[in-house]
Amino acid sequence: MATLELDSITKTFQDGDEEIVAVDDVSLSIDDGEFLVVVGPSGCGKSTTLRMVAGLETITAGTLSIDDRVVNHVKSQNRDIAMVFQSYALYPHMSVRQNMSFGLEESTDLPDDEINRMVGETGEMLGISPLLDRKPSDLSGGQQQRVALGRAIVRDPEVFLMDEPLSNLDAKLRAEMRTELQRLQNDLGVTTVYVTHDQTEAMTMGDRIAILDGGELQQVATPLECYHEPSNRFVASFLGEPSMNFFDVTLEGDRLVGDVFEYPIDEGIRSDLGDATDLVLGIRPEAVQLVDAAGDHEFETTVDVVEPMGDENTVYLHFDPDVEPENASTLVATIDGFNRVSEDDTVIARIPPDAIHLFDRSTGEALHNRSMENAADQIDL
Amino acid sequence: MLDFYRRLHRTIRSSSGDDDEVRADGGVVSDGSAADPPAEPDRDLTARLKASLDRRFGSDFMESSVFWLPPFLLMGLFVYGAVIWNLLISLTDYQRFENAPDYSNLDFEMYTRALADSGFIDAAVNTLVLLIAFTAGTLAVGLVLAILIDRGIRFENSFRTIYLLPMSLSFVVTAQFWLWIYNYNNGIANNLIGTFGLGPVSWLGNQDIVLYAVIFALMWQFSGYAMVVYLAGLRAIPTEHYEAAQVDGASALKMYWRVIIPQLKGATISAAVVLMVFGMKAFDFLYSLSGGYRPPNGADILATKMVREAYANLNWAYGSAIAIVLFGMALSVIGPYLVYEYRRDNL
Amino acid sequence: MSDTEPRTDGGTTTRTTRLRRTLDRMTVEDVGLYVVLALAAAFYLVPIESGLVTSFKTGTAIIETAPFAPPGPSGLTFEKWRTAIDVLLRGMGNSLLYAVPATVISAFVGSITAYGLTIPTWNKSYKALVLMLIIAGIFIPYQAVLVPLTQFWSQWAQLDQVLSFVWALGIDEDYVGIIELVITHVAYGIPICTLLFRTYYKTMSDEMIESARLDGATLRRVYRRIVLPLSGPMFAVVLIYQFTQIWNDLLFTLVIVSTESSPAAPVVLILAGLGSSLEGQDFALRMAGAFFAALPTLAVYIFFGEEFAEGVAA
Amino acid sequence: MSRDNSASSEDRLTRRHYVAGAGTLATVGIAGCSGGGDGGDGSDGSDGSDGSDGSSGEPVEALHGWTGGDGAAAAEALEEAFNEAHPDVDLQMSPIGGGGNQNLDAVVANRLQSDDPPGSFAGWPGPNLLRYQGVLGSVDDVWDENGFEDAMVQEAVDLHKQNGSYRAVPLGSHRLNCLFYNVSVVEDAGIDVDSLNSPSALIDAFETVGSETDAIPMTHGMSGTWTTTQLWGAVMLGENGYQPYMDFLAGDGDEEAVRAAFERTAEMLENHISDDASSIGLTESNQNIINGDAAFIHQGNWAAGAFRNAEDFEYEDDWGFKTFPGAEGMYTLHFDSFLYPSDNPTPEASKTWEAFVGSPEAQVAFNQYKGSIPTRTDVSMEEFGPYLQETAEDFAEAEYRPPNLQHGLGVPSETMTTLNDVISSEFTGPYNVDAATTGFLDAVSN
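The listed protein sequences correspond, in order, to chains S, Y, C and R.
All the letters of the first sequence, read from the start, carry residue numbers 1 to 381 under the UniProt record's numbering.
All the letters of the second sequence, read from the start, carry residue numbers 1 to 347 under the UniProt record's numbering.
All the letters of the third sequence, read from the start, carry residue numbers 1 to 314 under the UniProt record's numbering.
All the letters of the fourth sequence, read from the start, carry residue numbers 1 to 446 under the UniProt record's numbering.
Read the hints as simulated data drawn from the structure, not as lab findings.
Be a bit skeptical, because a hint or two may be false.
Once the Cα atoms are required to be at most 25 Å apart in a straight line, the calculated DSS-like pairs of lysine-lysine come out as [to be verified]: (1) Lys135(S) / Lys124(C); (2) Lys172(S) / Lys124(C); (3) Lys202(C) / Lys254(Y); (4) Lys124(C) / Lys281(Y); (5) Lys254(Y) / Lys265(Y); (6) Lys124(C) / Lys202(C); (7) Lys254(Y) / Lys124(C); (8) Lys75(S) / Lys50(Y); (9) Lys202(C) / Lys172(S).
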């Protein structure tokens with residue numbers, strides 16, 4: 001078990017004459033036994049970062065250390081790490097048992113029977129014992145994924161690295177594997193870095209999550225903190241489905257003036273804003289409530305579309321009825337399934353002041369986050 | 001430190017439909033030595049040398065050189081040793097055996113002599129025509145056969161083996177066949193076209209068509225190889241492409257022309273390279289056909305002219321000059337392919 | 001697309017019913033297809049058939065019957081094959097002696113060279129340079145190589161003196177030619193073998209190699225335990241291609257062994273002079289000799305044609 | 001066979017430099033190979049003299065091109081005769097087949113290029129020796145000791161000399177000015193062959209054959225160009241006689257004579273040969289005579305070998321011979337000889353071999369199978385067939401013995417290649433007389 005320290009790691013590529021910065025000054029420290037999920041949109045540099053940790057990519061700048069040992073120049077095989085690849089990367093001509101024992105045979109000088117014992121145990125643990133003597137091509141996607149996992153586990157490495165291991169599975173199997181992976185990681189307690197572009201996996205699996213965009217680290221925090229206290233507008237928009245509503249507002253006196261509504265704010269929020277005036281107001285759809293009477297924080301809206309999701313409905317609301325739907329600014333709200341609302345109704349939508357977030361419009365940096373005390377613990381995914 | 005852009009290139013090139021994540025941070029990793037020197041200063045000399053070499057040429061250089069360096073040197077000694085020897089001799093005026101070639105005045109006299117020699121020009125043109133027409137024709141025949149066989153017929157294996165058989169025969173055998181087939185009076189070729197009422201043709205006697213008759217014979221021998229390569233290429237294209245084209249209402253011909261053949265570019269290029277090698281072997285065929293270094297008039301190629309100059313006339317320098325031109329011509333045809341592949345990071 | 005025969009329920013339908021079912025489903029288009037394929041097969045077989053047929057004809061039969069017509073009962077003789085066989089038999093032994101090792105070694109060398117240039121990562125532009133030199137090496141015209149090659153073997157690498165202890169054991173000194181042929185064919189085979197393996201190794205999954213490297217495998221181990229077992233199909237292609245080229249090659253044999261009377265004379269050398277003399281050529285003998293000499297290459301294509309096609313597909 | 005790499009003469013040394021230079025220039029040499037055998041202890045004689053020690057145990061290596069048919073039989077007979085005559089010296093006869101001597105020439109050229117000459121090799125003497133200038137040793141002593149000068153015809157004596165000393169020894173000779181005919185076809189056409197003593201008379205005979213019978217007047221294989229060059233040589237001799245032919249060979253040929261010869265030849269090829277000529281060779285044209293499809297053929301007398309081997313096809317009954325019309329009383333010379341390279345690996349054994357080649361037993365043993373005649377005039381011909389006996393008589397009594405054009409005795413090999421180039425581009429149909437004439441005159445003049 002080991003701690004992992006990334007100190008302002010940078011990676012640049014030379015494409016013809018111009019230089020592309022794939023990973024820009026990322027610093028992370030991962031405690032022993034922690035399960036860190038690295039998440040971000042396609043091309044944000046998360047896989048490159050993982051490959052740098054694995055030693056499959058050279059590190060342009062910054063230092064990487066495992067258990068306080070600088071490993072920038074240490075070859076991957078000497079870093080005592082195991083990696084599960086997106087395509088599983090199983091050796092087609094070897095049986096499952098040979099696949100799993102290959103790592104031990106190559107990097108250790110354990111006797112064969114010892115290796116067989118360990119492979120048997122891991123097979124037991126992953127429930128793939130009956131498959132040990134079959135060829136990867138005879139196995140289903142899920143089974144192949146378990147074998148890839150087994151291959152990493154049996155090596156008992158300092159660090160697990162996983163590069164979107166579930167992305168090739170169907171939805172149901174993916175949900176099962178998510179929980180099983182977490183259970184395994186807790187039992188083994190191996191420091192794990194898990195890369196994905198799927199925010200559900202990020203929110204449910206990680207002890208902490210690191211969100212990357214454009215090669216830059218946006219935020220490192222627990223899933224709840226990232227969800228409820230996003231450090232900037234990108235994080236706020238990235239997490240949560242349907243994603244947060246955003247309205248451009250400017251601060252005038254003690255009210256926020258947008259192009260479709262005005263929103264009075266109290267002194268507490270006012271003090272967080274400092275001297276920034278051009279702001280963006282953010283409100284999670286599940287925080288919007290439908291009420292009866294208009295007021296300071298309640299606005300008249302017409303219902304454009306209702307999407308029933310079973311346990312709850314997602315409602316698309318427009319502020320000004322006379323403007324055609326597509327360019328009117330919409331407010332997305334999630335309400336519980338029993339609330340009878342249909343298209344073209346006019347309803348009053350309340351944006352509770354304790355649930356709003358305010359971001360600086362130019363830097364995107366979060367100035368004020370919602371208060372946590374009465375935030376519902378459920379995360380709307 | 002693995003070959004990141006090769007992987008990147010593969011993900012971009014592979015059908016990006018299902019792979020939703022396209023890496024934007026492309027570009028070529030040159031394992032620059034920006035990283036700071038290793039911590040332990042006291043490593044012994046070889047390790048330090050190895051590390052610096054690895055940094056200079058990329059991490060696996062030393063370890064991989066044991067694989068490719070010895071064969072590369074062996075090839076260099078034999079192949080490029082001969083090329084350089086020919087180059088040197090072609091710059092001298094070396095003839096017969098009496099005196100050794102003097103390297104004092106190296107000049108391009110042999111090359112100017114070649115350009116002035118009409119026989120050389122004809123041979124060069126014939127060689128180019130042969131290389132291009134033979135390769136194109138063989139690819140076309142191979143493609144048609146591959147398409148026919150790919151339609152899921154029975155006895156596919158036996159048809160495939162039959163089409164491949166000619167490749168296993170030596171030129172001594174095939175040259176004699178074609179002498180009979182092209183025989184003016186009772187040759188199969190003239191009998192065949194006779195049934196269609198066309199008069200007998202002197203295939204080998206007529207200067208204008210003898211080259212194409214030779215090309216046709218070489219196509220007969222090597223189109224089997226092109227067929228096998230294309231069959232593999234066709235089988236690599238997912239069946240959905242065929243069905244999609246059909247659903248779009250494309251006729252069989254259009255389907256192949258617009259959808260399938262463009263996807264065979266890789267197969268075409270790799271087959272073309274190998275077929276050009278066979279094209280270069282036309283010397284053996286012509287040598288067996290005419291029983292000497294002088295093919296029928298109109299089918300003289302650089303290879304036969306080179307051997308005539310070197311071994312019949314003992315003009316070693318002139319023979320070597322022609323050899324260098326022939327080598328250069330082959331490279332000029334294959335060169336663009338190599339540069340194209342290099343630029344696509346494919347090399 | 002003619003639909004292939006649907007899977008009948010039980011496998012018990014007799015052969016005739018299955019045949020009848022396919023026959024009635026044959027549309028005009030299918031018939032056309034088979035006719036064209038049969039014509040193409042004839043086009044490829046007639047020359048081979050006429051050669052084979054001629055090899056069984058007597059002198060007079062050759063004149064009376066057309067080249068592709070089989071010999072009449074009177075014209076049939078095996079005498080040409082008999083003379084061809086007893087003249088060429090020792091040549092076959094010698095040819096196998098150098099062709100088989102040369103083929104195997106050049107395939108293996110091609111594989112490790114292509115491996116060294118494809119799988120491990122090192123500077124891209126140097127790798128491209130080495131590859132370009134190797135691929136360009138394919139197009140060296142063999143005729144231009146003969147004189148430097150002779151000089152190399154006769155003056156630079158005088159194997160016959162180096163191996164004098166072998167000749168002392170009673171092995172005939174001419175067999176140095178066999179060793180020289182093996183080395184020459186391996187050297188000139190490297191470019192094409194490397195290119196063929198290179199195209200194959202490029203399709204190999206990078207992640208599998210990376211995971212092997214992560215497992216602590218050195219380049220040598222990765223080659224031996226993963227890349228080599230998986231390059232079976234391409235070995236088939238290279239072995240078949242190289243065997244045919246090396247077996248039928250006359251130029252190097254002419255320069256290195258030269259005379260057919262030498263105990264180490266390969267079959268192509270003896271075949272060159274067989275049945276041809278100043279006063280005329282004995283076609284039947286030449287054809288019989290050519291076919292007898294081509295038996296190994298024909299056999300290789302007939303038995304391994306399958307692997308050759310699949311290898312190219314891999 | 002150990003290599004006697006004695007650096008004997010000055011030029012040989014410089015060649016070794018260039019080899020080393022080219023080799024090292026090439027690439028990193030393989031560590032194992034020693035850089036060129038160091039010079040043996042051979043004495044430093046003039047280019048002609050032989051090395052002194054030449055270990056006698058080594059066999060003399062005799063390269064030749066007779067791999068099939070009569071040639072092979074003759075070579076075996078020669079080998080047996082030698083072993084009988086010289087049991088102490090072992091001989092290694094090395095046949096190199098294919099391409100009618102071209103493979104042999106290529107191997108010899110390669111070995112001479114790399115300082116590894118054979119003991120002796122078969123080839124044509126005369127101007128053809130020019131190719132091997134500077135690398136042929138002298139066999140003057142062999143000629144003196146065995147009195148070859150008086151045993152051989154004067155032409156043979158002249159043709160085997162180069163730069164004042166003998167370089168080779170003749171073994172056998174074929175006659176080139178021959179016209180063979182199928183007796184029955186000629187009789188059907190009603191032609192009296194002996195009356196044909198000019199090319200124009202021959203052409204008239206062709207017309208009669210064409211009109212009287214449906215046989216091909218003259219069968220002529222044109223898949224190679226050498227048959228046409230050889231035919232032109234015979235017509236040139238027949239049309240213009242000895243002196244103009246010799247002037248042409250010497251380089252100042254008379255344009256009119258050359259043009260006339262081309263016109264005659266064009267007349268023959270345009271309308272008196274088979275239309276599949278371009279795809280048949282020597283074998284098929286001999287076959288046309290044997291199976292009565294053709295009346296006449298012009299060929300060297302090796303064609304007689306093919307007729308002799310054909311079943312029930314006898315001299316005088318089925319086929320006949322006539323000197324080429326217009327060249328009566330002449331014998332167009334051809335020689336098969338064995339050349340003696342300098343810096344010889346086995347000087348003693350090679351000299352014994354050369355001496356044997358010129359001996360009566362060798363010439364009889366070889367030529368009776370080969371279908372050629374001994375070059376000595378003092379050899380009894382009873383073991384030869386009637387036709388060859390006649391040829392030997394013509395050879396001895398011939399008024400002139402002009403050297404042949406196509407087989408090395410008339411012009412140097414480079415000129416011969418140019419002549420064949422001219423035939424190939426100008427005279428393989430359509431037959432362009434003017435271009436061919438100028439082409440030939442230029443070829444022999446420079």
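Lysine 172(S) paired with lysine 124(C) [C-alpha distance capped at 25 Å]: 43 Å, violated
Pairwise hint evaluation, lysine 124(C) against lysine 135(S), where the allowed Cα distance is 25 Å at most: Not OK: lysine 135(S) and lysine 124(C) at ~35 Å, beyond 25 Å, violated.
Given hint lysine 124(C) paired with lysine 254(Y) - CA-CA distance at most 25 Å: Roughly 40 Å separates the two Cα atoms, so the pair is violated.
Distance restraint between lysine 124(C) and lysine 281(Y), which requires alpha-carbon spacing of 25 Å or less: 33 Å, violated
Hint consistency between lysine 202(C) and lysine 172(S) [alpha-carbon to alpha-carbon, up to 25 Å]: 35 Å, violated
Restraint check for lysine 254(Y) with lysine 265(Y), where alpha carbons must lie at most 25 Å apart: Holds, at about 17 Å.
Restraint check for lysine 75(S) with lysine 50(Y), where alpha carbons must lie at most 25 Å apart: 13 Å, holds
Restraint check for lysine 202(C) with lysine 254(Y), where alpha carbons must lie at most 25 Å apart: Roughly 31 Å separates the two Cα atoms, so the pair is violated.
Pairwise hint evaluation, lysine 202(C) against lysine 124(C), where the allowed Cα distance is 25 Å at most: The given pair, whose Cα atoms are some 14 Å apart, holds under the 25 Å limit.
Hints 1, 2, 3, 4, 7, 9 from the list above are not met by this structure, while the remaining hints are.
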